[in-house]
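Residue numbers (the numbering used here), protein chains in the order written: chain C, 1 to 159; chain D, 1001 to 1290.
No wet-lab data here; the hints were simulated from the structure. It cannot be assumed that every hint is accurate.
Under the rule of at most 25 Å between Cα atoms (straight-line distance), these lysine to any residue pairs were calculated in the SDA-like manner [to be verified]:
(1) K1188/D / E83/C
(2) K1188/D / I38/C
(3) K1188/D / C99/C
(4) K1209/D / D1130/D
(5) K151/C / M73/C
(6) K1188/D / L114/C
(7) K1209/D / V1273/D
(8) K1188/D / A39/C
(9) K1188/D / C40/C
(10) K1252/D / K1087/D
(11) K1188/D / G138/C
(12) K1188/D / D124/C
(13) K1236/D / T1226/D
(14) K1188/D / R28/C
(15) K1236/D / G1205/D
(16) K1188/D / D115/C
(17) K1188/D / R122/C
(18) K1235/D / A1210/D
(19) K1188/D / P118/C
(20) K1087/D / N1175/D
(21) K1188/D / Q98/C
(22) K1188/D / N7/C
(23) K1188/D / S130/C
(24) K1188/D / H85/C
(25) K1252/D / I1155/D
(26) K1087/D / L1068/D
(27) K1235/D / K1188/D
(28) K1188/D / N117/C
(29) K1236/D / L1248/D
(30) K1209/D / Q1247/D
(31) K1188/D / E155/C
(32) K1188/D / R135/C
(33) K1188/D / E42/C
(34) K1188/D / V86/C
(35) K1188/D / C136/C
Small disclaimer: the values here were computed from a predicted structure and weren't measured.
Below, each chain spelled out in residue letters.
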Amino acid sequence: MQTLEMNVNGSDVRVEIHPDETLAQVLRDRLGLIGTKIACGEGECGACTVLLDGVAVTSCITPAMKAQGRRVMTIEGLSEDTELHVIQQAFVDSTASQCGYCTPGFIMATKALLDANPNPTREDIMRGISGNLCRCTGYYQIVDAVALAAKRLAEEGRK
Amino acid sequence: MWEEYLFANSVEHALELLARYEGQAQLIAGGTDLVLQSQRGQCPATVMVDITRIPGLNRIEERDGFILIGAQVTHAQIAASALIRDKAPILAMACSQVGGPQTRNAGTLVGNVVNAQPAADGATALFVLDAELEVATQEGRRWEPIAHVYRGVGICTINACREMVTAVRFKPLANACGCSYQRLARRKALTLPTLVVAVALEMLGDTIKAARIAIGPVAPTPYRATDAEAYLVGKKAEEAVFAEAGQLAAAKARPRDSLIRGSSEYRTAMVGVLVRRALGEAAQECHRRG
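Throw the hints in and build the complete structure from the sequences for me.
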């Protein structure tokens, strides 16, 4: 066992883990943050996307030890209390979720995209979410949701 | 699987840890390939030595006539680098096609080389650039040409349980050089390529001065289409010439039949097609730049 100390969603945590555990396993099984989904388990679908020091990574193939001393943000860290984050609300309003399993990953990829590029074109959006797969709906509503989130965040910024 | 996960704080420290564990320890950078290989039992090492916190290995810089890329540099960094886009656009094009954004954020170019998979975008571009790798051992450091370190599918002559690649270097492409990266895959993202063709072309007016063509994964390692390259020198840049070069390049392809990547016959035919397209695009780029 090894000790992993990291900051998850603003709180410092210290947890004993096996050195070969992935970040997704630690978040879900040891910290109970089950919003992060494991779907393919091979870094191919993006459902497990979290931000590591602000950068989107697939947590299912990220060794948990890589988070040592670093900041992790999961879908749980996005909303405040019971209030949905602007991106989450945009996904709801755009009907961008069907079974919902891929949604947390899409939302975290969107967060990374909009942090880096607050005013993306539709092409930028498609490229930004190209690391995430949805097997229910296709991507039309999802791209709409990201565009809507960008628009609302810009309006919020102007207030 | 792993019993210990360690962070090296210098190249010397990393090599010392590898020596101490006598083959049981292996270097890890992004881990995008290694974690899966390990989970599948394809990596016997039980101690991971993480190199991503060693100071000084995350830089892309121009020095002494070479462009140097440190061992921690990710595909995302290269794709976004103004220096690479200007002086070695073929590499930026290749790195921007790897996996999806998440994979590019974690996976490194050096890891791509050491892993030696034939379906490697970044490494194929490095064949065009005649890149060299700096290999550090406890005895000292040496530079190795990329073509020397590929020995077969997944076999790199550099042993990550004993030695460490600290950087890649190559000469910048000439200013007037036109590049094209052609990638055939089943989807536009998140998929390994069925075929890639990377071309850098130099022209004088309408005449081809030099051509470099690297192709993968249609043989155990990426390779340079040297017959096609030699044929092109001094020829006029036109469709019939590009098509003939495509045929010469395809003659060297040895793809296997694959349910995932397509039949050998199809992929061999496509080598000719993509080389022809790449040369046409690179020639246009030459005119645009020139």
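Hey, K1209/D versus D1130/D, does the alpha-carbon distance stay inside 25 Å? 17 Å, holds
Given the hint that K1252/D pairs with K1087/D, test it: the Cα-Cα distance must not exceed 25 Å. Distance ~29 Å between K1252/D and K1087/D Cα, so the pair is violated.
Quick one, are K1087/D and N1175/D close enough, alpha carbons at most 25 Å? Holds: K1087/D and N1175/D sit about 7 Å apart, inside 25 Å.
Does the structure keep K1235/D and A1210/D at a Cα separation of 25 Å or less? Status holds; Cα separation ~10 Å.
Please work out if K1188/D and E155/C have their alpha carbons no farther apart than 25 Å. 33 Å, violated
With the threshold set at 25 Å, check whether the alpha-carbon distance from K1188/D to D124/C stays at or below it. 14 Å, holds
So if I understand the rule, the pair passes when the alpha-carbon distance is 25 Å or less; does K1209/D with V1273/D pass? 22 Å, holds
Does the alpha-carbon distance linking K1188/D and L114/C stay inside the 25 Å limit? Holds, at roughly 22 Å.
Measure nothing beyond the straight line between the CA atoms of K1188/D and R135/C; if it is 25 Å or shorter, mark the hint as holding. 16 Å, holds
Given hint K1188/D paired with K1235/D - CA-CA distance at most 25 Å: 34 Å, violated
Between the alpha carbons of K1188/D and V86/C, is the straight-line distance 25 Å or under? It is violated: about 29 Å lies between the C-alpha atoms, which goes past 25 Å.
Is the hinted pair K1188/D and N7/C satisfied, with a Cα-Cα distance of at most 25 Å? 35 Å, violated
This entry does not satisfy hints 1, 10, 14, 22, 24, 27, 31 and 34, going by the numbered hints stated previously.
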